[in-house]
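One line per chain: the protein sequences are A and B, in this order. The first sequence begins at 1 in the working numbering and counts up by one. The second sequence begins at 325 in the working numbering and counts up by one.
No lab work stands behind these hints: they were computed from the structure. Fair warning: there could be bad hints in the mix.
[Unchecked claim] Under the rule of at most 20 Å between Cα atoms (straight-line distance), these lysine to any residue pairs were calculated in the SDA-like manner:
(1) Lys385(B) - Ala19(A)
(2) Lys402(B) - Arg26(A)
(3) Lys385(B) - Gly33(A)
(4) Lys402(B) - Glu23(A)
(5) Lys402(B) - Gly33(A)
(6) Lys402(B) - Ala19(A)
(7) Lys402(B) - Asp34(A)
(8) Lys402(B) - Phe24(A)
(9) Lys385(B) - Pro354(B)
(10) Lys402(B) - Val390(B)
(11) Lys385(B) - Ser66(A)
(12) Lys402(B) - Ile75(A)
(13) Lys88(A) - Ile75(A)
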Amino acid sequence: MTTLTDRYVWAAARTLPEAQRAEFDRELRERIGDATDALVETGRAPADAERMALVELGDPAALAASYVDRPLQLIGPRYYLTWWRLVKMLYSVVLPIAVAAVVLAQLLSGADVGDVIGNAIAVGLSLAVHLGFWTTLVFAVLERSPGRGAADLAWTPDMLPQLPELSRPGRRSELIGSLVFLGIFAVVIVWQQFGLPWVDALETIPLLDPDLWSFWIPYFLVLILLEMLFAIAIYAWGWNWWLAVANLVLNVAFVVPALWLFTTGQLINPEALEAIGWPWGDAGDVVVPLIIVVVIGVAVWDVIDGVIKTVRGRGGAMPTLGRI
Amino acid sequence: MSNDETTAGHIQELRRGTVVLACLVRLRQPDYGYALLESLNALGIIVDANTLYPLLRRLEKQDLLVSEWNTEEARPRKFYRTSPAGDALAEVLATDWRRIDDALARLTTGDDR
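For reference, chain B alone in the conformation it holds in the complex (with noise of 0.2 Å):
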């Protein structure tokens, strides 16, 4: 039970940062947040849409991502585009993951080179 818990934990603090990445990259296509929640979810990055919304919010507040209404439908919308800012973070970040992901792969086969 309380393995499962901690197991839960550790999960979501590996996801945590990765889903900035998703978003950053996916949003190189304009989208809206529940469009990009399901989109993120078809491709097996799961995440909560209680940690999406606060985080679209958050990545537009450090203008790694800019919004633009969109009104033409019956419900308003608000499409979020990665920012050249958000482009380049996310360039940052997909080195950096690709680096852990080689030391990792080492680490675990034992080769150290």
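Next up, chain A with everything else stripped away, as it sits in the complex (with noise of 0.2 Å):
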């Protein structure tokens, strides 16, 4: 007929198997030319009505799809929920204990922090990439894969998750532990201080910088004592986003300025050093940064425990680990 409708036709049909093309160009021209000549009837000129039909039938690579059921979208409900899971599983999992492996080879090869940092960065960001690009190329494959594959990745009953202990006599035994543990590190602070009886080397030199009794050593034990209060609170109230701050704010509290001490070796008692023989050979470089990332994996471990507990006694939805 005219230009319009042979491009229109022409792109609707190139994106088909070849063995279809004949058959469906020949019943998308009946069609168009049908809906054409009804619009002219109308009282229309004959260019206008070829486009207003080619407008009723939308886009062509639409319409060819329709035609071969071919899917419109990346991944679609068959595996969606497969690929979701599986995907937080990854990022939650897999990509913050590549970061950490990443991080601790860096300092124990002696690189310094703004390197380390850079590079955790950059490992980050492209391995995020690839988890996410490879892992959706994959199902949209599946997805598009003739066959019955989501069979095995069915759901079953055995997959729901435990219900979120939030009853006060769960909470109880995690109260206790609490304290005594924060009761214990108060006194080893205090303590040190007369030498520690346990290490022959420390037994009448304190670990500790004793210039730190000017203001650090009090400023922990503060810290200690509100850490205690916290732990009364969780008690109290459960988890509720109000604490899961507080227990941020009291992890970077006490975090911080306690690596500032430590690198920059106002933590520990000169003579304390000299006692052990400090620094043991090469050890020096491995146990310093291991002892960097330590403290900073428990805290940053410590702050998302409390988010996680926080989300799911709210009745929130938190990546189910090991049930994908």
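Using the hints, build the complex out of the two chains.
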């Protein structure tokens, strides 16, 4: 007929398998022709009528896709939830572990802090992109392959998450554990001033720098007291967003000054270092980064744990690890 | 506004299956897509071209319709006709349709026999 119809038919037919094209081409021309004729009969100019008929048909690629039942979504309902669970698991488990491993390896090899942070961000970003892309690609291919592969991945009642532990008796043991630990911690901080009797070299020498008594040691003792009050608050009210934020603040208030004092050499008493023969050959290059990573890791995990418990307690859904 | 959309959505849902039945019955006389569209609309069975053409193709794929190209006129047209299987399905659907109609009638009049 005219070029507009030809262009439409070509645009629609080119994405179809060769064998179906001739039939599709004919059917489509019949449909466009009949629709155009009907519009001309209502008094429209032929060119306008043709254009209107094509507008009515819509995007040729969508029309062709519906002709061969090709999905018009990347991942459909059959695989979406499986894909989503897997992505959540990869991002919440694989990604942090890999980044932590990179950070540790770099610190051990003696890179400076700026490089370590830069590399951690670079590795984290590229790994996140790779994990997301390849996982999604596999599922998009699965979506387009025939057969019923979803049966193996189907949901079963065994996948139901455990109910969050909300009852007070369940939290009591947690409270007692926290208070005992914090109490011992405070006692050790005070006691080390008079030496640590169970370490031969430090029987009479304070481990922490005695100059810290002017401010930092009282500061940490007050923090321990606040942590105890915090543990009691958790017992009394359960986790909520205010307490999750308070947990973050307490962790930062503890870890940042402690690491600052540690890395600038103000934390440990020089006499104590001498007494234990520090640095133990090359071991210092390994032990210091290891301590830093462990301290940061514990604090970060504690904050995340608080957030997870808050979300679960509020009926939110968190990644159910190991239950994909 | 959104109320109208809800109503339109439900009406569409309700009509979806009836278009299949109407096609299967109407195509006992062979006909091509546009003529079928016109005649259904004239009967008050409102159906959109973007619904009807894919439906005809699907019914043909399911062997409920058979088709034949008519090339006698200037524009070749694909004529569809109800197959024996399509006829049988039309019977089943029509029976079910009448059963639902009866049930709804009894429901609305409150006459529970």
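Taking the hints in turn, this is what the structure says about them:
For the hint linking Lys385(B) to Ala19(A), the alpha-carbon distance of about 15 Å falls within 20 Å, and the restraint holds. About 9 Å separates the Cα atoms of Lys402(B) and Arg26(A), which keeps this hinted pair within 20 Å; it holds. Pair hint Lys385(B) plus Gly33(A) does not hold up; C-alpha atoms about 24 Å apart against a cutoff of 20 Å. Proximity of Lys402(B) to Glu23(A) is assessed by CA-CA distance (about 10 Å); at most 20 Å being required, the pair is judged to hold.
Restraint check for Lys402(B) and Gly33(A): satisfied, since their Cα atoms lie roughly 13 Å apart, inside the 20 Å limit. Taking the CA atoms of Lys402(B) and Ala19(A), the gap is about 18 Å. The hint holds against a cut of 20 Å. A C-alpha spacing of about 12 Å is found between Lys402(B) and Asp34(A), which places the hinted pair at or below 20 Å, so the restraint holds. Note on Lys402(B) and Phe24(A): the hinted pairing holds, with a Cα-Cα distance of about 11 Å set against a maximum of 20 Å.
Simply put, Lys385(B) and Pro354(B) have alpha-carbon atoms about 17 Å apart, close enough for the 20 Å limit, and the pair holds. A threshold of 20 Å between alpha carbons decides the hint, and for Lys402(B) with Val390(B) the separation of about 10 Å falls inside it, so the pair holds. Straight-line distance between C-alpha atoms of Lys385(B) and Ser66(A) comes to about 13 Å, which keeps the hinted pair within the 20 Å bound. Taken as a hint, the Lys402(B) and Ile75(A) pair is broken in the structure, with Cα atoms around 35 Å apart against an allowance of 20 Å.
Only pairs whose Cα atoms come within 20 Å are accepted, and Lys88(A) paired with Ile75(A) is accepted, the gap being roughly 16 Å.
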